[in-house]
Structures are given as C-alpha cells and as structure tokens.
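*Asks:* Chain residues, written in single-letter form:
Number of protein chains: 2
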Amino acid sequence: MAYLKDISDKELKKGILDFMESAPDLYLPGVSIDSTIFGFHNNQLNVLLLRFGKSEYFVLPGGFIKKDESLDDAALRILRERTGLLDIYLEQFYTSGNLERYKKNIPKELVLKIIGKMPHSNWFEQRFISVCYYALVDDTKVNPQPEPFFTEFKWYDVTKLPKLLYDHELIIQKALDRLQTDLDSKLVGFNLMRGSFTMADLQKLYEAVHQRKFVRTNFQRKILSLNILERLEKQYSGKAHKAPYLYRFKKAWN
Amino acid sequence: MAYLKDISDKELKKGILDFMESAPDLYLPGVSIDSTIFGFHNNQLNVLLLRFGKSEYFVLPGGFIKKDESLDDAALRILRERTGLLDIYLEQFYTSGNLERYKKNIPKELVLKIIGKMPHSNWFEQRFISVCYYALVDDTKVNPQPEPFFTEFKWYDVTKLPKLLYDHELIIQKALDRLQTDLDSKLVGFNLMRGSFTMADLQKLYEAVHQRKFVRTNFQRKILSLNILERLEKQYSGKAHKAPYLYRFKKAWN
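Chains as they are written, first to last, in our numbering: chain A, 21 to 274; chain B, 21 to 274.
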C-alpha cells in the first residue's frame, strides 16, 4: 500500500517555497483541516498517513481552506487532492485548538532543513486551529496524488503508529473514540460493506474498530436489534446445515 | 429571567469602537466561539440568548480566542464573562464554516447603525469560522455581566426562538440534536439534578430535551438499565403506598 514519490531535493524545495508564497492569498489564515481516514483490510483497522518531506515524521492528510470555500467542501477537496478519494462520507468530529500541539515546533525545523532559509513571510509560523474530519473507507480505493511536502503514503495499523507531527496522535485517538461510539449509526452511511456479507464478516469489522473480541451470539443479537440488516439466502458451501446466512443493509446501495 | 442593561447610545458606540480597535492585537483572526447554553426550568428546555445592541436580533453568547489561549479555555472565559457561569461542563460539538452564514451580513448594518461610520480596520469584515460548544445548566445560576454589544439576556423556549443572527438557529438545532444523542452519557457530568429526585422529575427532563412524551414504564426500564442511579428511601407523602422512590446519581456530586 505504500507509495514512494521520486522527487529530488530541488523539486521539494521549489514546491514548498511556491506554496508558502501563494498560500496567504489563497487560504484563510489560522485554520487548517486534518482528516483521519480509517481503512479496513484483512480484518485490521488502518489509518492513512503521509510522510512529511523525506523525514521520519508522518502527518494526517490535511490542508487549508480557500477564502471562498466552505469547511466541508475544503475537507472533500483536500482529501481528493491528496488521496484521489471521491464521494466519501467525511464526518466532522472535533476542532483542535490547544497550545501544546505547537510545543515541539518540529515542522519549522523540517521545513528549514529543506529550504535552507525562511522566506520573509512564513505561513507556518501562524498558530493554526485544526478542524478534524474522519471517514472509514475501503482502503483499496485510495490513489495517492503527487505533490510537494509528502513523499510517501502509507496505511498504518492504528495500534502501531509511526512518529507523528503536531497533535495528530491525539486526533487519531479522538477519531477512533468517535468511530467506536458512532459505528452503529454510521454503518450504512460509510458504504463500506457493499453487496452481501456474513454476520462473521461484520463481526470482524466491529472487532477491528473496537479493538476487542465479541461473543458471537451477543454480537448477532445486538446487530439484529439495530434493524438495519436484511437477511438473504444461505451461502452455498456444500454442507447445507453449516452454511451461514448472508445479509445486506436495508437501504440498498448496491 | 430577562435582564435589560441601561446603556446610552453613546456608551454603546464607544464600547464597540474600543473593541474594534483592540481586537486585532488581542485575538486570533477568523475564528470565533459560540456557546449554546440550554437551561431546564419548569419542565421546559430553554436556550440563553443575548440581544445584539438595541436591535430586534439575538445571538448566542460568543466571542474570540486570545492569541495565547486554548480553544477550551477561551470558551470557558467567554461564558464566564458573558453570563457569570463558573465551572460548567462545556462540550465542543461542531465547527461552523459554511458560507451561507454571512449571506445577509446583518451585523455590519447593525454595527453601522450604532457607530455611524466604519473605522479603517473592520474586525467584523473577516470571514469567521465558529467553534461551537454546548452545555445544559441549572438556569438559576446565570448572572449576566454588563458589557458592550449586548443589552439584554433572555432564556427562550427552544421551540419559540426570536430572530437570530448568522447561522445561530442552525447551530442551536445541531446542539439540540447532540444533546438528545448524548443525554444518557452526559447526565451525570452535567451535574444538573443535584441531591435526590423522583423518576418523574427525570422523565420531565428527558421529555423537555427530546420534545416528546415517554411511556412511564418504558422510560423507567431504560433509565435503570443505564445503571447510573442509586435508589434511596421512599418520599414521605402521608399516603405511604403512593410515595415514589427517590433516586440520586451513583457518582455522588452532592
């Protein structure tokens, strides 16, 4: 799933300097957007991260808001530009405005390492309030786009994160808390399990999100009580008495 | 519950001009905070609103973030300054950044009406992203503080709101949605029903928040299943067989 961009140091420097020069005219000052994109794959919950320059640090896919653009539109555009993801259900869940997120100020050092000397107007020297969104997607749909700043795109197991900049580790934790709380009600909207699936498939998704095991019978009772599933024919397996039922979501997206 | 401040037009003008002159040095640009404060009183759910100047328009208690202050600290300070409310449990729930909230641009007209001519630097001409908080409080604790801009503080029934500026009506609706979703889990934290209460008292709070009636037996079963109540002695009423049980929250704040 990793994607390494072949970019020279010179190109990286030019990309960052061009951005810093144009940013104040294009974007609202002091507000950024960061999106936590969860992917479910091989029974594991992953999160999409971008390598900052060629450093050892990663960040969430994020960006800035155009002066005539709504927050939600900006969040969708940024995600499309960074990852190629279209038409996904992004949910705003938190706005980070604590002061500790700037304590280490590593990004400035990292930028300086690349560009050598700060230009007169330094976009990154502002304090940013970050509006945070999250989504749960089918991680095979991601198609990273080339651009300055980020040289690698990688899915990380949420329990094994790399070094992250700012307060992105805290943001991922908050996104996971919200995903756990909201999974029942967002299951259909996320449009994740298309077509039909077994109760065992759905249980694997729940176990990955909640990071714990569920008892099969309790899980089945709880899910059926949500009243969002339609039961289909039994899955053919040759051993009819062991075949599991197939389900699909009642609001058919298929 | 209303509070009318006796302020002359001249004082109002001076207050606003002083604010506009000092604001750019004190506060982060482009970000505001608005708080939806729900009050429960006489079995009715109210929301605290401030009259903008001497106009017919009301707004939520809100303000701006100091350059060296976290979002949460700013929200608490603003609420303390506007309403005298101390140590309350404010929950961040939404950040509003749509473009429609500025379409009418009434505040500029209202400000112009008071100050006559815009000063060179107009703080209000920026586009603001508003970070929104909500709380549910005992509405007898509110003690409005005198200040420019607002001449009246009033609790309004959430179903009968006056004219509101910006997108504050939408924000109140979103806050109410969140309160309805979160009431079960926030009940203890809000510290609203101190001491002991009957199941009927609690049902009245739920009915006010959800804007509908509940069946007594169903309500009782649901609330007891939350496992947050401790049952006390029966309330003495002279007719022992009709006396209701008293309850209090298990995490005793009393």
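Everything labelled a hint here was simulated from the structure, so no lab data went into it.
Hints should not be assumed to be uniformly reliable.
Chain copies aren't distinguished; within one or between two, either way the pair holds.
[What the hints assert, rightly or not] No farther apart than 25 Å at their CA atoms in a straight line, the calculated lysine-lysine pairs in the PhoX-like style are these:
id, residue 1, residue 2
1, Lys206, Lys194
2, Lys242, Lys206
3, Lys183, Lys33
4, Lys262, Lys86
5, Lys87, Lys254
6, Lys30, Lys233
7, Lys74, Lys137
All values reported here derive from a predicted model rather than from experimental measurement.
*Asks:* Can you tell me if Lys183 and Lys33 fall within 25 Å by alpha carbon in one copy, between copies, both or neither?
*Replies:* within (23 Å within a copy, 52 Å between copies)
*Asks:* Given identical chains, is Lys262 near Lys86, meaning Cα to Cα at most 25 Å, within a copy, between copies, both, or neither?
*Replies:* Neither, since 56 Å and 64 Å both go past 25 Å.
*Asks:* Quick one: Lys242 to Lys206, C-alpha cut-off 25 Å, is that within a copy, between copies, both, or neither?
*Replies:* This pair counts as both: shortest intra-copy Cα distance 15 Å, inter-copy 23 Å.
*Asks:* Checking an output row: Lys74 and Lys137, CA cutoff 25 Å. Within, between, both or neither?
*Replies:* within (18 Å within a copy, 53 Å between copies)
*Asks:* At most 25 Å between alpha carbons: which applies to Lys206 and Lys194, within, between, both or neither?
*Replies:* both (16 Å within a copy, 17 Å between copies)
*Asks:* If the cutoff is 25 Å on CA atoms, where do Lys30 and Lys233 land: within, between, both or neither? Let me know, please.
*Replies:* For Lys30 and Lys233, neither the intra-copy (49 Å) nor the inter-copy (67 Å) Cα distance is at most 25 Å.
*Asks:* With identical chains, the pair Lys87 and Lys254 could be close in the same copy or across copies; at 25 Å between alpha carbons, which is it: within, between, both, or neither?
*Replies:* Result: close neither inside a copy nor across copies, 54 Å intra and 62 Å inter.
In summary, the structure is inconsistent with hints 4, 5 and 6 from the numbered list given earlier, while agreeing with the others.
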